[in-house]
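Engineer: Spelled out, the chains give:
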Amino acid sequence: MRKIYAETLIFFAILIVFGTANLINTHKPEISEVENRALAGKPVFSAANLFNGKYFEEYNNYYNDTFILRDEMILLCRDIKDTFTVDSGYVLVVAEKDKLPQVPGDDAGLSGEESGNGSENHEETASDGGEKIVPAQQEETETGGGEKKEQAPEPGLELEDDGNMGYWLLVDGKAVELFRFNKEAIDYYVETINMYQEKLGDKVKLYSMIAPTAGEFTLMKRYRNMTDSQNEAMIYINSKLHPDITAVDVFDALSRHKDEYIYFRTDHHWTALGAYYAYEAFMNARGEAAVPLERYEMITVDNFLGSAYTKTLSKELEDNPDTIQVYLPFTKNSFTRYSGNATKEVDVIDLSYAEGKDKYLIFISSGGGTWSVIRTEVKNGKKLLVMKDSFGNAIAPFFLPHYEEIYIIDSRFYSTAHTGMSIPQFIEHHGIQEVVFVHYMEDVNWAEFMQTVRNLLFEDENTQ
Amino acid sequence: MVFSSLIFLCVFLPLTTILYYIIRDRRWRNGLLVAASFVFYAWGEPGYVILLLVCGLFNYFSGLTIEKSKDPNKKKAKLVLAVSLNILILVFFKYTGFLIENLNRLLGFTVSAPDIYLPVGISFYTFKAISYVVDIYNGKVPAQKSYWKFLLYISLFHHLVAGPIIRYQDIAEEIDCREETPEGVRDGVRRFIAGLAKKVILSNTAAEIAGTFLDGDLSRLSVAGAWLGILLFAFRIYFDFSGYSDMAIGLGKMFGFNYGENFNYPYISKSLTEFWRRWHISLGTFFRDYVYIPLGGNRKCLIRNLLVVWFLTGLWHGASWNFILWGLFNFVFIVIEKKLLKRILERIPGLFSRIYFVIVTLVGWSFFYFTDTARLLVFVRALFGSERRNFINPDAIILLQNNCVFIILCILASTPILKYLSGITERKIEERSKLAAGVYNIGQPFAYTVVFIVSLVFLVSQTYNPFLYFQF
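Protein chains in written order, with our numbering: chain A, 4 to 467; chain B, 244 to 715.
These are calculated hints, taken from the structure and not from any lab test. Heads up, some of the hints might be wrong.
Mimicking SDA-like on lysine to any residue, the simulated pairs with C-alpha atoms at most 20 Å apart in a straight line are [what the hints assert, rightly or not]:
1. K335/A <-> R298/A
2. K582/B <-> N548/B
3. K335/A <-> S368/A
4. K318/A <-> A98/A
5. K6/A <-> F251/B
6. K385/A <-> E407/A
7. K186/A <-> D458/B
8. K662/B <-> F506/B
9. K57/A <-> F251/B
10. K6/A <-> P688/B
11. K6/A <-> Y263/B
12. K6/A <-> L643/B
13. K6/A <-> P257/B
14. K57/A <-> I293/B
15. K6/A <-> E422/B
16. K84/A <-> L643/B
17. K84/A <-> A656/B
18. K45/A <-> Y707/B
19. K662/B <-> N507/B
20. K84/A <-> K677/B
21. K31/A <-> Y707/B
22. K84/A <-> I650/B
23. K84/A <-> L655/B
24. K6/A <-> Y264/B
25. K31/A <-> V254/B
26. K243/A <-> Y264/A
27. K360/A <-> D458/B
28. K677/B <-> A9/A
29. K208/A <-> Y410/A
30. K84/A <-> P425/B
If you only want the chain A side, here are some residues facing chain B, beta carbon under 8 Å, derived [stated by the list, open to error]:
31. I7
32. T11
33. L18
34. M76
We treat Cβ as the ideally placed atom computed from N, Cα and C, and that holds for glycine.
Work out the full structure, taking the sequences as your base and the hints as a guide.
Structural biologist: Set out below in structure tokens:
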């Protein structure tokens, strides 16, 4: 070539620089902290993988995931987009909803037949194979494993539609998820809890505790009706629950304290303070006095950027991270976690998680494996089962002064295959007298999630 | 592989280009392009490389034997055989499932459809092959004597997976004697960057926002939200598709090939008829030359011919009823325009014909978007305010506010305004100072560099895939 023009030179120079940098970069990251997932590893070469195209597909993922300066470029892109986004006080971010994790070793839950009340969340869409599900390993968490959407866009005309969307509103320096009432899903929740009541009868006392999300208490001056009323949903649920089930009135409790720091701004969970008020309401319902908050020693953990930040990557949130207030339990206890067939002694409050990204895992050490139990020095013979999602993590430590044994089960990770027991059998086996269902409104409003709770009613999860 | 992937950009493209320009010999350069094209195809479709090879082989021999045939009947029979086989390949790999599903429904069978995975690009390379054998039959171009050169035509990675549907006669000469010039490479790079930006910045962002309206609970959608959603989808599909064509044309120029334009600012049209002269031109002309005119064109059975063409156009876009409906929707409006509206649209002020065009096109795109007919019906009714829908709701207001700059950018990018402005500047520079020329000559590479880097940043960032395992 006689001459090279500036564009040509710059274009190829950039590509070659990046190409070479990726080639010689030997310290490829394996985990993405901000995305909370394991990055794709270099695929293993095999003839079979080569011919079915899997090898190339995985190699693409690996190349994309370990691209040099990837994290920096993601944030730079965020900044570029921010520059062009007109912030009218409200920014609406739509992000894919979470998917349920897959429990390794068995295919609990979702492989079972749909029980009719399909929720919007997993509507089948007829796309031409635009979307493939590739299981990915989640190494750093014990119960991990998950699903991952293939990123490579198809050329031209292949379209994918995905009905699984969450709406996040950034307003006043915090992110709140907008609630979309789904009657079918709500009915499914009621039905599920009622099924537990019928199965367990009057030997066991059941409580339904539903945590509203921060959106319920966020004043949206300019727009009413942006989000459906979670309180109305709760009133609807309570009117349909079996009369023997006690609905814990969390809404009023939180509402009275709505100007306090009861929800994180960058995360969808309640704070320990919010959880404390819910605990108070629970104690009221039980007719027992709550331990005053002053009894607890409080420590704080700074710089928490939670799920809402991960979803939205909002600069405003990033510049204004949350502080986690942790109330240290004064009740002596031992906390045993059963993961599959392995057991491990862990701490109710584990501050080693304060160093990582998911600082919320401080509360009951990430949640509790297949199941877990806290045995306390309170020798009153009372035994509680907490059937929970992650909202239960922050509230569980407050139960310590009231029970001798507190069992913790997250329906996503419990497996009848490992324990050989359905939940009713588990309850009977351990002599549990009280069960509290702690779920937050988005999970209550998500039949696919509640299906994991319902499945555990039966010994063989997949028969229902 | 796709153009808008990091591995294509950072590994495949620089390697291929450098090797290409190290090699001097024309034959070796062509050989390299064939080899690179097969690597390109194999990266996405290793199993179907053989299909591509076989398809190439059989069309190559078809071309030779059709050309040699003296007896017109035999010649015709060979053509029919060659075309049928290409169509058969396409039908088998693309429509088997769809056909079986519909036969089941029609006849009450319960035959399970075999699981055939659609080979990427098959719609494009079978059409290229058909145009090749028909053109040989009509004596428009001599058959290619070398299998490798024919393979270069059929499999060249520039237009292998997403078009344009290049005709053999347009590049027959360039296979043997093309001229790679520095200007050509520069123009190719510019064009490629423009296409990449369209795809990665505009199309993908538009897709994200469009999904907000179109993929959610349609019963909550406001009228304005429905229009906004489908408008963004219109941008998404245009920038996606024309972006790919730009990249293909740009790649061609980098290697000395000159492909025809595939899109000509379709959204500035004043009628659907005009739109189809500007949209996916290589497909429109394919159906015109190989279906419409052979059927008799506008001389006999006009309506039937149009119906066939639009039915096939719809079906070509995908094995699903909504695409057929979309084709028929176009058919209806093209006929109405031909018979009735044409004179009116020409007379009324441009603004009104444009409004007419935008409404018709956007309603048309809803047929294209919703593969689920039930959702399609709800959506089309939402466009026209069924069930006492709100005209606008807070979601739509906020999203419109948040993204108004982006939407304006999309509108501007759909018009030839940039082309117009740079044309003016160039003319002024010719007339006047050297200083202005200097600024322009620095400014343009600078602008392309910025756009390219931003595109790369967007591309990397689109691999962001948070996994919130704890329902966190």
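Engineer: Look at each hint and say if it fits the structure.
Structural biologist: Cross-check of the supplied hints:
Proximity of K335/A to R298/A is assessed by CA-CA distance (about 14 Å); at most 20 Å being required, the pair is judged to hold. Taken as a hint, the K582/B and N548/B pair is honoured in the structure, with Cα atoms around 15 Å apart against an allowance of 20 Å. With a C-alpha separation of about 16 Å, the suggested pairing of K335/A with S368/A holds against the 20 Å cut-off. Our distance criterion of 20 Å between C-alpha atoms is met by K318/A and A98/A, whose separation comes to about 16 Å.
Restraint check for K6/A and F251/B: the C-alpha separation of about 25 Å exceeds 20 Å, so the hint is violated. Annotation: proposed proximity of K385/A to E407/A holds, straight-line Cα distance about 5 Å (limit 20 Å). Our distance criterion of 20 Å between C-alpha atoms is met by K186/A and D458/B, whose separation comes to about 19 Å. As the CA atoms of K662/B and F506/B are separated by approximately 14 Å, the hinted pair is consistent with the 20 Å bound.
Our distance criterion of 20 Å between C-alpha atoms is met by K57/A and F251/B, whose separation comes to about 17 Å. The hinted pair formed by K6/A and P688/B meets the criterion: a straight-line CA distance of about 15 Å does not exceed 20 Å. Simply put, K6/A and Y263/B have alpha-carbon atoms about 16 Å apart, close enough for the 20 Å limit, and the pair holds. For the proposed pair K6/A and L643/B, the alpha carbon gap of about 47 Å is over 20 Å, so the pair is violated.
In summary, the hint linking K6/A to P257/B is supported, as the alpha carbons are separated by about 18 Å, within the 20 Å threshold. This hinted pair checks out: K57/A and I293/B have alpha carbons roughly 17 Å apart, not beyond 20 Å. At most 20 Å may separate the alpha-carbon atoms for a hinted pair to count; K6/A and E422/B meet this at roughly 14 Å. Restraint check: the Cα-Cα separation between K84/A and L643/B comes to about 15 Å, which is no more than 20 Å; the hinted pair holds.
For the given pair, K84/A sits about 17 Å from A656/B by alpha-carbon distance, which is consistent with the 20 Å threshold. Our distance criterion of 20 Å between C-alpha atoms is met by K45/A and Y707/B, whose separation comes to about 18 Å. Simply put, K662/B and N507/B have alpha-carbon atoms about 12 Å apart, close enough for the 20 Å limit, and the pair holds. The hinted pair formed by K84/A and K677/B fails the criterion: a straight-line CA distance of about 37 Å is larger than 20 Å.
Simply put, K31/A and Y707/B have alpha-carbon atoms about 16 Å apart, close enough for the 20 Å limit, and the pair holds. With a C-alpha separation of about 13 Å, the suggested pairing of K84/A with I650/B holds against the 20 Å cut-off. As the CA atoms of K84/A and L655/B are separated by approximately 18 Å, the hinted pair is consistent with the 20 Å bound. Restraint check: the Cα-Cα separation between K6/A and Y264/B comes to about 13 Å, which is no more than 20 Å; the hinted pair holds.
Between K31/A and V254/B, the direct Cα distance comes to roughly 17 Å. Compliance with the 20 Å bound is thereby established for this hinted pair. Between K243/A and Y264/A the CA atoms are separated by roughly 32 Å; this puts the pair beyond 20 Å, and the hint is violated. Between K360/A and D458/B, the direct Cα distance comes to roughly 31 Å. Violation of the 20 Å bound is thereby established for this hinted pair. The hinted pair formed by K677/B and A9/A meets the criterion: a straight-line CA distance of about 18 Å does not exceed 20 Å.
A threshold of 20 Å between alpha carbons decides the hint, and for K208/A with Y410/A the separation of about 15 Å falls inside it, so the pair holds. Our distance criterion of 20 Å between C-alpha atoms is broken by K84/A and P425/B, whose separation comes to about 35 Å. With its C-beta approaching chain B no nearer than about 6 Å, I7/A sits inside the 8 Å limit, and its interface hint holds. With its C-beta approaching chain B no nearer than about 5 Å, T11/A sits inside the 8 Å limit, and its interface hint holds.
At a threshold of 8 Å, the smallest CB-CB gap from L18/A to chain B is about 5 Å, leaving the interface hint in force. With a least beta-carbon distance of about 4 Å to chain B, the hint placing M76/A at the interface is held under the 8 Å criterion.
The earlier numbered hints that this structure contradicts are 5, 12, 20, 26, 27 and 30.
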